[in-house]
Amino acid sequence: DQQVKQNSPSLSVQEGRISILNCDYTNSMFDYFLWYKKYPAEGPTFLISISSIKDKNEDGRFTVFLNKSAKHLSLHIVPSQPGDSAVYFCAASAGSLSGSARQLTFGSGTQLTVLP
Amino acid sequence: DSGVTQTPKHLITATGQRVTLRCSPRSGDLSVYWYQQSLDQGLQFLIQYYNGEERAKGNILERFSAQQFPDLHSELNLSSLELGDSALYFCASSVEPAGVRDTQYFGPGTRLTVL
Numbered sequence: 670d671q672q673v674k675q676n677s678p679s680l681s682v683q684e685g686r687i688s689i690l691n692c693d694y695t696n697s698m699f700d701y702f703l704w705y706k707k708y709p710a711e712g713p714t715f716l717i718s719i720s721s722i723k724d725k726n727e728d729g730r731f732t733v734f735l736n737k738s739a740k741h742l743s744l745h746i747v748p749s750q751p752g753d754s755a756v757y758f759c760a761a762s763a764g765s766l767s768g769s770a771r772q773l774t775f776g777s778g779t780q781l782t783v784l785p
Numbered sequence: 088d089s090g091v092t093q094t095p096k097h098l099i100t101a102t103g104q105r106v107t108l109r110c111s112p113r114s115g116d117l118s119v120y121w122y123q124q125s126l127d128q129g130l131q132f133l134i135q136y137y138n139g140e141e142r143a144k145g146n147i148l149e150r151f152s153a154q155q156f157p158d159l160h161s162e163l164n165l166s167s168l169e170l171g172d173s174a175l176y177f178c179a180s181s182v183e184p185a186g187v188r189d190t191q192y193f194g195p196g197t198r199l200t201v202l
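So the sequences go chain by chain: D and Z. Residue numbers for the first sequence, in this note's numbering: 670 to 785. Residue numbers for the second sequence, in this note's numbering: 88 to 202.
No wet-lab data here; the hints were simulated from the structure. Be aware that a few hints might be false.
Unchecked claim - Among chain Z residues calculated to face chain D with C-beta under 10 Å, some are: (1) Val-91; (2) Tyr-122; (3) Gln-128; (4) Gln-131; (5) Gly-145; (6) Leu-148; (7) Ser-152; (8) Glu-162; (9) Leu-175; (10) Cys-178; (11) Arg-198.
Think of the CB as a built atom: it goes at the ideal place given N, C-alpha and C, for glycine as much as any other residue.
Please build the complete structure, drawing on both the sequences and the hints.
Below you can see the structure in the form of structure tokens.
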């Protein structure tokens with residue numbers, strides 16, 4: 670049972686336009702959400718995060734929106750650049766019952782291609 | 088460069104064999120996580136260590152084990168390897184095990200191919 674879902678395996682956008690990557694989750698215990706970017710032959714790189722007490726977090730060209738009632742988050746990249754072409758993973762985090770550990774649950778990723 | 092190092096980058100072995108993957112966390116990070124990424128799948132959490140102690144277990148097979156040493160580096164041991172164990176194995180590290188804003192930083196991964 671996938672608790673974090675990225676239903677679009679790929680997305681192509683024109684340079685300069687907006688890229689919108691979507692992510693849905695099912696576990697209501699998740700209280701922290703992250704986006705990672707991954708280039709081929711490299712490990713995932715942290716991009717931006719949002720706590721469940723917020724509905725928006727912005728960092729430069731990247732904005733993450735969280736809709737808790739819909740259990741949905743999205744990553745907006747404006748303007749998109751060719752260097753943004755990568756696989757984007759959505760991840761969610763919940764504290765353990767004992768409070769001693771956190772785990773990240775990842776989606777399957779979306780390949781973003783920004784066309785020049 | 089995340090500061091997390093993993094060796095080796097590539098590993099090719101045969102079914103039934105045993106391998107050890109190594110990870111050195113970022114300087115100052117006490118927590119180490121191991122993830123497996125199979126073809127066309129997201130990263131699956133395997134296990135977490137904090138300052139030498141196991142903190143959380145995910146979908147880790149009994150044939151797999153891990154440990155974190157006093158110098159904080161970690162090793163993931165995979166034994167009785169099967170074809171389905173072929174995957175990318177990532178190590179990540181973070182400062183604390185349970186902070187809400189505790190970001191995990193990933194190494195470049197080890198690509199394991201079981202023939």
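Exercise. Go through the numbered hints given earlier and state which of them the structure violates, listing their numbers in rising order.
Key: Result: hints 6, 7, 8 break, sorted rising.
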